[in-house]
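Engineer: The chain contents come next:
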Amino acid sequence: MAYEDLLRRHQDAALRTAALLTRDADEAEDAVQEAFVKAHAALPRFRTGSPFRPWILRIVANEARNRRRSAERRAGVALRLAEDRRGDDAAPSPEAAVLVHERRAALLEALGRLREDDRLVLGYRFFLDLGEAETAEALGIPRGTVKSRQSRALERLRLALGGGGQP
Amino acid sequence: MTGFELARLGDADLELALRDLGRSLETRPPRVDLARAARLRLEAPAARSRWIASLGRRPVRRAVLIALAALLVLAGLAAALGFGLPGLRIIFVGETASPPVGSPFETLDLGRLVPLESLDAEARFDVLVPEGVGLDGPIAAVQDLRPGVRQASLVYPPTPRHPAGNVPSVGILITQLPGSIDEELVVKFIQRVTTFERVTVDGQPGYWIAGGLHAIGYLDADGEVVVDSIRLTGNVLAWNANGVTYRIEGARDLETARSIAAALR
Numbered sequence: 000m001a002y003e004d005l006l007r008r009h010q011d012a013a014l015r016t017a018a019l020l021t022r023d024a025d026e027a028e029d030a031v032q033e034a035f036v037k038a039h040a041a042l043p044r045f046r047t048g049s050p051f052r053p054w055i056l057r058i059v060a061n062e063a064r065n066r067r068r069s070a071e072r073r074a075g076v077a078l079r080l081a082e083d084r085r086g087d088d089a090a091p092s093p094e095a096a097v098l099v100h101e102r103r104a105a106l107l108e109a110l111g112r113l114r115e116d117d118r119l120v121l122g123y124r125f126f127l128d129l130g131e132a133e134t135a136e137a138l139g140i141p142r143g144t145v146k147s148r149q150s151r152a153l154e155r156l157r158l159a160l161g162g163g164g165q166p
Numbered sequence: 000m001t002g003f004e005l006a007r008l009g010d011a012d013l014e015l016a017l018r019d020l021g022r023s024l025e026t027r028p029p030r031v032d033l034a035r036a037a038r039l040r041l042e043a044p045a046a047r048s049r050w051i052a053s054l055g056r057r058p059v060r061r062a063v064l065i066a067l068a069a070l071l072v073l074a075g076l077a078a079a080l081g082f083g084l085p086g087l088r089i090i091f092v093g094e095t096a097s098p099p100v101g102s103p104f105e106t107l108d109l110g111r112l113v114p115l116e117s118l119d120a121e122a123r124f125d126v127l128v129p130e131g132v133g134l135d136g137p138i139a140a141v142q143d144l145r146p147g148v149r150q151a152s153l154v155y156p157p158t159p160r161h162p163a164g165n166v167p168s169v170g171i172l173i174t175q176l177p178g179s180i181d182e183e184l185v186v187k188f189i190q191r192v193t194t195f196e197r198v199t200v201d202g203q204p205g206y207w208i209a210g211g212l213h214a215i216g217y218l219d220a221d222g223e224v225v226v227d228s229i230r231l232t233g234n235v236l237a238w239n240a241n242g243v244t245y246r247i248e249g250a251r252d253l254e255t256a257r258s259i260a261a262a263l264r
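Read top to bottom, the protein sequences are chains S and X.
If you count the first sequence from 1, position 78 lands on 77 in numbering that gives the first Met the number 0, and the numbers rise without skipping.
If you count the second sequence from 1, position 113 lands on 112 in numbering that gives the first Met the number 0, and the numbers rise without skipping.
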C-alpha cells in the first residue's frame with residue numbers, strides 16, 4: 000500500500016487525537032500533517048508486523064503536544080458535538096434528544112478540563128476504540144499500566160463532572 | 000443527565016457514556032487532504048533543488064533565502080492543494096521568518112527606488128496608482144524578480160488612517176507583478192492566519208488574509224519560482240486582474256483595502 004493511502008486510512012483517528020491535545024482545529028491539522036511527514040523519516044524504526052495505527056498516533060500526539068501551547072492561547076474548539084441527523088424511528092423524541100445533548104456536552108466539557116494524559120487515554124480507549132495493547136503502544140507505556148491509568152482518568156473525570164474544581 | 004449524575008455512574012456506564020460521546024463528536028473537515036499534503040511534501044526535495052539552481056541565476060537576497068528555507072511545498076503541491084481559484088492559490092506551511100517590529104525601510108528589500116513618473120517605464124508595464132483615498136507621496140521601487148520579470152512597488156508613509164505596522168516608516172505597501180492569470184500561478188505561503196477569506200475585487204477572484212502571512216511565491220509557466228517576502232506582517236488583499244497580480248499590504252481592514260483597490264487607476 001502506498002504511504003499516502005496508509006496515512007489516509009488513519010487520518011481521521013490522527014485528527015481526533017491531535018484535536019484532543021491541541022483543542023484547536025488549525026493546530027490539529029498542522030500537527031497531523033507534520034507528524035505524517037516525520038513518520039516517514041521514522042519508518043525505518045517501525046517494527047515490521049506491529050500495528051501501524053498506534054505507532055502513527057504516538058507520533059501525532061507528540062507533535063500535537065509540541066503545538067498545544069500556542070493553540071491553548073487561542074482557546075479554539077477542535078472537537079464538537081455533531082447534530083443527531085437520524086430521521087427514522089430510532090430518532091429520540093425532542094425531549095430525549097435535549098437530554099442526550101446535555102449529557103454529551105457535560106462530558107465533553109469535563110473531558111476538556113482533564114490533563115492531556117487523561118484525555119488521551121480516554122480518547123484512545125473510548126473515542127477511537129483502541130484495545131489495551133494498542134493504547135499502550137500509542138501512549139508508549141507498558142500494557143499493564145493502561146488499566147490503572149484509565150481508571151485514574153475516569154476518577155478524575157468524575158471529579159470534573161462533579162464540579163469538584165481542578166481534577 | 001447532569002454532570003453530577005454522570006459523576007455517580009459506575010465505570011461501565013461511564014465508559015458507555017464516553018463511547019456514545021465519541022460517536023457523536025466530529026472534527027472540522029481538514030482544509031487540505033493531509034495524507035496527500037504529506038506525500039507531496041516528501042516529494043518536495045527534488046523540486047526544491049530546482050529552485051536553488053534557479054536562484055543561482057539571479058542575485059540572492061537574504062529575505063528570499065529565509066523564505067525559501069521555510070518553503071517545503073512546491074509546484075506540485077500548489078497544483079494539488081491550492082484553493083482552486085485560477086491564478087491564485089494559497090498553501091499553508093510551517094514556520095517562516097518575517098521582518099521584526101521596528102525593521103528599517105531597507106529590510107523591505109523592494110529593489111531600486113525610481114521616480115514615480117518613470118515607474119511604468121522602469122517596470123515595463125502600466126503600474127496603477129491609487130487616487131482619491133488619501134494616499135499621497137509614495138516611494139516607487141522596481142525589483143527584478145527573475146530575468147524579464149519585474150515587480151513594481153508603491154510605499155506610502157503611515158497616516159492616522161493607515162498606521163505603521165512592523166516597519167515604522169510604512170503605512171501601506173502596494174505591489175504589482177505582471178503575469179497572465181492563465182499562464183502563471185501565484186502561491187501564497189501562510190504560516191498562521193486569523194482570517195482567510197475568498198473575496199472578489201472588481202469581479203476578479205482574490206483573497207483577504209489577516210495575520211501571520213510571511214512569504215509569497217510566484218510560479219511562472221515554466222514552473223520557475225520567484226520567492227518573495229511579505230513585508231508588512233498583517234493584512235493582505237491579493238487578487239489578479241488584467242494579467243497583473245496585485246497585493247495591498249497593511250490595510251487595517253478589508254473595507255479599507257477594497258477602497259484602495261477600487262481607487263487604483
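Treat the hints as calculated values from the structure; they're not laboratory data.
Model, not experiment: these values are computed from the prediction.
For every residue, glycine included, the Cβ atom is placed at its ideal position computed from N, Cα and C.
There's no promise every hint is true.
As the list claims (entries may be wrong) - Now the in silico label distances, taken between C-beta atoms and shown as ranges:
#	chain 1	residue 1	chain 2	residue 2	range
1	S	R114	X	L8	43 to 51 Å
2	X	D12	S	I140	49 to 57 Å
3	X	F3	S	L80	13 to 21 Å
4	X	T158	S	R44	40 to 48 Å
5	S	V99	X	R160	26 to 34 Å
Said to hold, decoys possible - The calculated lysine to aspartate or glutamate pairs, modelled on EDC-like cross-linking and capped at a C-alpha distance of 16 Å, are:
#	chain 1	residue 1	chain 2	residue 2
6	S	K146	S	D128
7	S	K146	X	D32
8	S	K146	X	E14
9	S	K146	S	E101
What the hints assert, rightly or not - From chain X, some residues computed to sit far from chain S (all C-beta separations above 10 Å):
#	residue
10	G2
11	S23
12	L24
13	P29
14	L33
15	R38
16	R123
17	P159
18	R160
19	T255
Engineer: Hint by hint, say whether it matches the structure.
Structural biologist: The hints, checked one at a time:
The beta-carbon spacing between S:R114 and X:L8, approximately 21 Å, falls outside the hinted interval of 43 to 51 Å. Taken as a hint, the range 49 to 57 Å is violated for the pair X:D12 and S:I140, whose Cβ atoms sit roughly 26 Å apart. Hint check: X:F3 to S:L80, Cβ distance near 20 Å, so the stated range 13 to 21 Å holds. At roughly 57 Å, the beta carbons of X:T158 and S:R44 sit outside the given window of 40 to 48 Å.
The hinted window of 26 to 34 Å between S:V99 and X:R160 is violated, with their beta carbons roughly 52 Å apart. The straight-line distance between the Cα atoms of S:K146 and S:D128 is roughly 14 Å, inside the 16 Å bound, and the hint therefore holds. With a C-alpha separation of about 35 Å, the suggested pairing of S:K146 with X:D32 is violated against the 16 Å cut-off. For the given pair, S:K146 sits about 13 Å from X:E14 by alpha-carbon distance, which is consistent with the 16 Å threshold.
As the CA atoms of S:K146 and S:E101 are separated by approximately 28 Å, the hinted pair breaks the 16 Å bound. Against chain S, the non-interface label of X:G2 is violated: not every CB pair exceeds 10 Å, the least being about 4 Å. Non-interface call for X:S23 relative to chain S: violated, since the shortest CB-CB distance, roughly 5 Å, does not exceed 10 Å. A beta-carbon of chain S is positioned within 10 Å of the beta-carbon of X:L24; the least distance is around 5 Å.
The non-interface label for X:P29 is inconsistent with chain S: the shortest C-beta to C-beta separation is roughly 5 Å, within 10 Å. A Cβ of chain S approaches the Cβ of X:L33 within 10 Å, the least distance being about 5 Å, so the stated non-interface status is violated. Under the 10 Å C-beta cut-off, the non-interface status given to X:R38 relative to chain S is violated; the minimum distance is some 4 Å. For X:R123, the requirement that its beta carbon stay farther than 10 Å from each beta carbon of chain S is met, with the minimum near 40 Å.
A cut-off of 10 Å between C-beta atoms confirms that X:P159 is not in contact with chain S; the least separation is 30 Å. Against the 10 Å criterion, X:R160 stays outside the reach of chain S, whose nearest CB is about 29 Å from its own CB. Every CB of chain S is more than 10 Å from the CB of X:T255 (nearest about 25 Å), matching its label as outside the interface.
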